[in-house]
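Residue numbers (my numbering), protein chains in the order written: chain A, 1 to 132; chain F, 1 to 391.
FYI, nobody ran anything at the bench for these hints, they're computed from the structure. Please read these numbers as outputs of a predicted model, since none were measured by experiment. Hints are not guaranteed to be accurate.
[To be verified] Here chain F is said to cover these stretches of chain A; the calculated rule only asks that three of the stretch's residues, wherever they fall, bring their Cβ under 8 angstroms from a Cβ of chain F:
1. 11 to 19
2. 41 to 48
[To be verified] Taking beta-carbon pairs under 7 angstroms as the criterion, some of the chain F residues facing chain A (in silico):
3. 86
4. 119
5. 307
6. 313
7. 331
8. 383
[As the list claims (entries may be wrong)] Derived Cβ-Cβ restraints for the label pairs, each shown as a range:
9. 94(A) to 210(F): 52 to 60 angstroms
10. 8(A) to 103(F): 43 to 51 angstroms
11. 70(A) to 5(F): 29 to 37 angstroms
12. 272(F) to 122(A): 38 to 46 angstroms
13. 283(F) to 94(A): 44 to 52 angstroms
Yeah, the Cβ is synthetic: ideal placement off N, Cα and C, and Gly gets one too.
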Amino acid sequence: MYTEKVMELFMNPKNAGRMEDPDGVGEVGNPRCGDIMKIYIKVKDDRIADISFETFGCASAIASSSMVTEMVKGLTLDEALAISNKDVVNALGGLPPQKVHCSLLAEEGIQAAIEDYRAKQKAKSGAAAPKS
Amino acid sequence: MTERQVYMDHSATTAVDRGVLEAMLPFFSEEYGNPNSLHAWGRRARKAVNEAREKVAALIGADASEVIFTGGGSEADNLAIKGSTSMRKDKGRHVITTAIEHHAVMDAFGWLDKQGFDVTVLPVDDKALVSVTELEKAIRPDTILFSMMFANNEVGTIQPVAEAAKICRDRGILFHVDGVQAAGHVPFNVQDLGVDMLTMSAHKMYGPKGVGGLYLRKGVRVEPIVHGGGQERGLRSGTENTAGIVGFGAAAELAVRRLADGSIDEEARLRDLLIKRVTSSIEEAFLTGHPTQRLPFLASFCIGSLEGESMLLRLDAAGIGASSGSACTSGSLEPSHVLLAMGLAHEVAHGSLRFSLGKDTTEEDIVYVAENLERIVADLRALSPLWKTRG
Ligand SMILES: Cc1ncc(COP(=O)(O)O)c(C=O)c1O
Ligand code: FES
């Protein structure tokens with residue numbers, strides 16, 4: 001039921017595992033089946049310099065995580081934000097209909113990690129200001 | 001792909017035994033007569049069907065006249081449930097079943113519900129056991145049927161069938177048992193148990209798929225759901241699946257041998273070996289279902305912080321066939337109703353895994369499965385955000 005590409009990434013996922021000292025972390029959950037995806041990013045010059053993931057979910061979720069991390073590596077943050085789950089599905093050569101929702105985690109995970117990074121940056125630049 | 005293939009999904013289906021296949025083969029192109037024909041071809045086919053009926057009856061301690069052949073376990077379940085309630089609907093409209101039934105029973109009760117019957121679903125405890133006290137409490141003056149499985153197909157728990165039968169008998173309620181997983185694997189006798197109807201399926205005991213049987217205790221009346229030529233005492237019309245029925249008979253004969261010669265005990269020993277190995281060598285792996293009152297060939301687990309489909313596919317890549325009740329493996333994206341009825345949390349049910357052994361399973365197979373599972377669990381946990389965060 002899965003494409004060769006999905007199986008390949010599921011069996012040998014790229015960029016898997018926790019990252020020490022990430023600049024941003026995004027954790028998203030799938031309300032439908034209860035799966036969780038965590039994305040870690042390191043940012044340099046507004047680009048994703050390094051990225052990794054941890055996923056509690058099915059083969060489709062793991063392959064989508066792996067694929068999206070490869071797709072956004074080296075992109076600017078805005079470019080990365082523009083990646084949709086459709087792009088991930090296409091890059092995987094398609095997903096079975098009931099498994100497309102798993103790729104949403106990939107899109108949302110990247111967005112959450114970038115938001116976290118930006119929020120942290122904001123907090124840092126504002127940190128000099130006295131707290132009320 | 002790997003060279004070694006270890007099929008551990010015998011709850012789903014079994015291979016047709018060689019001897020069973022040989023018994024069936026003549027009934028395709030040589031003995032192809034219609035058992036309902038009067039000529040020699042027909043008479044030979046009729047004789048074969050009758051002999052098969054004797055063998056299936058012998059497996060469960062019934063009289064041959066009490067066995068109806070059907071097109072599988074699901075059909076037998078439907079015949080028992082729809083057929084008996086249709087016959088007794090004037091006596092009452094309340095029916096009882098349990099929360100852990102196979103869909104063949106569950107959805108037949110769903111249909112009864114739509115027909116205006118009042119359905120009570122008995123809960124189970126954390127080991128998937130039905131309580132007979134709950135059954136007694138649920139019975140009303142207008143209750144006409146109770147249906148409960150003999151043994152659960154996902155977690156292997158064996159139910160208190162004899163106790164339930166006694167209650168039903170005392171209260172004048174028909175009792176149907178879905179014995180699909182138990183027949184041929186757990187020794188029992190329908191007379192001693194005191195059940196009214198019992199479902200069997202050939203493909204769960206080394207027979208062919210698409211052939212089943214319904215034990216109907218003498219005097220129990222059901223309305224047919226397939227009308228036509230009046231075969232099977234008018235309860236299941238349609239030209240008999242002669243080869244399939246012969247195969248069912250041969251499979252029942254094999255099962256009688258296996259129940260008597262210690263094969264089942266050996267199977268249980270291997271099952272226990274797997275349970276012990278998995279629960280001791282894998283952290284946060286626990287057995288689901290009843291620890292002792294369980295099918296001799298079934299070992300089911302929940303593995304913490306992991307999801308079933310990913311484990312199944314990694315096992316498959318190692319040549320191992322297993323199954324899971326995880327939400328991600330079901331089309332509906334809901335975890336198995338059995339695991340939920342046992343009170344398992346959604347994320348725990350996620351990590352469900354079932355191994356069901358067969359007559360050709362060896363100790364080497366068990367070791368191979370355990371070693372691969374240990375490796376796969378470690379690899380996938382390295383990917384799991386839930387696992388790492390506990391540090
Ligand atoms: C408990 C139980 N009941 C009924 C069935 C249905 O049997 P069959 O596949 O012969 O229709 C199965 C098998 O999947 C089962 O495990
Ligand atoms: S993550 Fe649950 S179905 Fe894919």
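Problem set entry | Broken hints, by number | Hints 2, 3, 4, 9, 10, 12, 13 contradicted; others consistent.
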